[in-house]
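Student: Residues per chain, in single letters:
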Amino acid sequence: MNRLVSMTVNGEARELAVAPNRTLLDALRNEGSLTGTKKGCDVGDCGACTVIMDGRPVNACLVLAIEAEGATIETIEGLQPSYDQPHLLQQKFMEHGGAQCGFCTPGIIMMAKALLDENPDPSEDEIRFALAGNICRCTGYTKIIDAVRATAEELRKAGTL
Amino acid sequence: MKPFEYYEPASLAEASDLLRRLGKDASIIAGGTDLLVEMKEELRSVLHVVNIKKIPNLRNFTYDPAAGLRFGALVTVREVETSPHVIGNYPNLAKAVSLLGSVQVRNRATIVGNICRASPSADTIPPLIADGASLSVYDGGADRTILLEDFFTGPGRTVLSPGDIVTGISLPAPGPTSGRAYIKHGRRKAMELATVGVAVSIEHVAGQCSDVRIALGAVAPTVIRARRTEDLLRGRRIDAALLAEAAESAMQEATPIGNVRASAAYRRDMVGVLTRRAIGYAMGGAR
Ligand code: FES
Ligand code: FES
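These protein sequences, in sequence, are chains A and B.
Under our numbering, read the first sequence as residues 1 to 161, first letter to last.
Under our numbering, read the second sequence as residues 1 to 287, first letter to last.
Because the hints were derived from the structure by calculation, they are not lab data.
A couple of the hints might just be wrong.
Listed next, the in silico DSSO-like pairs over lysine-lysine satisfying Cα-Cα at most 27 Å (straight line) [what the hints assert, rightly or not]: (1) B:K54 x B:K24; (2) A:K39 x B:K189; (3) A:K39 x A:K143; (4) B:K189 x A:K143; (5) A:K157 x A:K143; (6) B:K40 x B:K53; (7) B:K40 x B:K54; (8) A:K39 x B:K40; (9) B:K2 x B:K40; (10) A:K39 x B:K53; (11) B:K54 x B:K2; (12) B:K24 x A:K39; (13) B:K53 x B:K2; (14) B:K24 x B:K40; (15) B:K53 x B:K24.
Bound-form chain B, shown alone (with noise of 0.2 Å):
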């Protein structure tokens, strides 16, 4: 690893201060995981790495059944996974952040560290758009808020201007009626990246969808909301014709690309089964 400049900002002013002033060669380091991996094999020069874990608040982690779930950006991988409120309330987000990497990587990667990642496959991402998450953002004024599906701009890119820091991430609570699901597709069952993911958050009565959302991981530059396949079921009953139609409709939204892991076909494929498959668990899954 080449020598870098350290900093330890005691407060999210001098953080966001410290990141506008240094811009493109300076790094937050959360869990670290990922950046000290890029930065030994020289896929991302960084001459300045700024740790933000000295800065007060940013493991808070809150669940209340009428706001929904809240958690700050130093909160681990792990502690989302083995938290009983997120295991009880968002059983797909449970599921996909216990297929992140290893134990001991989940004890130090963050969750707000791998979605500002932004990896088309990260394992995080797709349930969390599923369930309509959004992001606090700090840029030395007041907090924005950004809906989690509009942050991505690419693979690796974010709408995230140098001095922005994501402060942390909240969900609404889950409705009465609401059924989720997380379906990771790869070649081996641990450390493994997604070749497709998909999860689907369903609010459904006797077989009617109500609402519904389902994001694709892998297919496409980014994360993306299947629209037209939600639109399709919303307000109709769910029955295996319009499964069907359902999973021939994410098909066509996918747009993935061949690399070592699958080629674009396959992937195209996944997408239809899985895309069935996750709807019909998270209808089995209501509560």
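If we strip away everything but chain A, and leave its shape as in the complex, we get (with noise of 0.2 Å):
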């Protein structure tokens, strides 16, 4: 029996009618049709998947989606100011080459906002702990890494965050 779920999504009231054998993961692509949060496992070994759910990252796939009553979450597709404007973190990923196929992309700028927004100058080292969970098959990460720095420094020296 499907049951009405609401939440806030990229800052938009949402009712989705999911069974509660949906993950939020399945209900943001299908019902919310937003499908820029992938799925790649489906197990929580990943992160293409994650999302921010009440100011935390998490594995969507790993979340049911009736759990999500009353929660505020954040997609990739809520990150740009407009709709032609790529958010900081995501011009840095392009300048940086921090993405080829993208199917990570997602889930790694999503985990870098929340690591961004909890520590505004993370070492490489506290980048890579963060980015543990995120899995990319294509950049061998340093590119990753490097795009994530070059936006902590420049939110820096913008001052704001």
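Dock chain to chain to rebuild the complex, using the hints, since each chain is given by itself in its own frame.
Tutor: Structure follows, in structure tokens:
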């Protein structure tokens, strides 16, 4: 039996009708029509499904959609300040070649955002530790770390986060 | 994932009743990071999922220098990992829990959930046993307290029966001469299950050990205490010769199996190496 679940997704109130065995990931992608969040492994290993739930990064494949009742969810679609302007993280990923096939990128960018929200000046080790649950098959990670560091630097220069 | 019935009891009494009535086809969901994987991979058939997040007071977290640390069943691994009280007073626990899965998993997973799953290689369990942790269990009547080291009966098995709910965990405060360490051994640094885990909590003054607890993970059907090794150390001065003896003794106490992650012989060797190292770290880390 489907239930109506209310949540705030990217600042917008949404009501999704889901069965109890629907994950937040499938609900966002199907009922929510937000396919930016990717399904890699579906069991918490790859991080492609990372969204920010009530301020904390989680694997949307390991959250039941009904558990998101009342929650605030941020996905990659909500990141851009306007439709023709990328978020600084997205900008830096492009500049540094931090995305190749791009499948891991939405999850990595959401995880990086959560990291920078909490720690605006992370060391390389702290970036690696934070991104340990995000698997990338293409880039070899170096460029991803460069992109995150460059974002942090620029945010510091601008004095805003 | 197969369909299931979903419940959100509002009290412990209601949850316990429900779980007793539904029996073995029911499971509690707290963090869900293990349960949902097991259900998706059909390692477990679960027809009824009982969410305990609507029950009040299961998120409490308190530290008192005399009474120690106490936290509820819904406290996440990440909360424990980042708590200044845990980092300052239980560095072994802080380290161990920071090695469990990813940040994303730790934001959902609970310590009590990780314990109740009763994996012999769980990262949270060795330091908690070494620190003398105990669980509070609700069974419809008065809460009972179970020492964590008495909680496990085998891989994935505990003393709990249907209707029992672990509501929280408490750890005694560290003494002024305590030293603690946890070492996890694996093939890579992150997203890894322990090949061997060793936790040591020791009381010592000027190199003399007055009390010690050593817990070994992933080398027996449950996490175990290396009691003979502890006896060897208690009341003695810790020097290189005694450390070598302790390492040998811990290797004898372990009963590892070989599996895809390591052979039995390798695990046993590592118990020796890591026990010696962990005692050393714990002594160095005395406050
Ligand atoms: S799809 Fe969720 S972690 Fe891989
Ligand atoms: S860019 Fe292809 S998986 Fe990361």
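Student: Check each numbered hint from earlier against the structure, then list the numbers of those it violates in ascending order.
Tutor: Violated: hint 12 alone.
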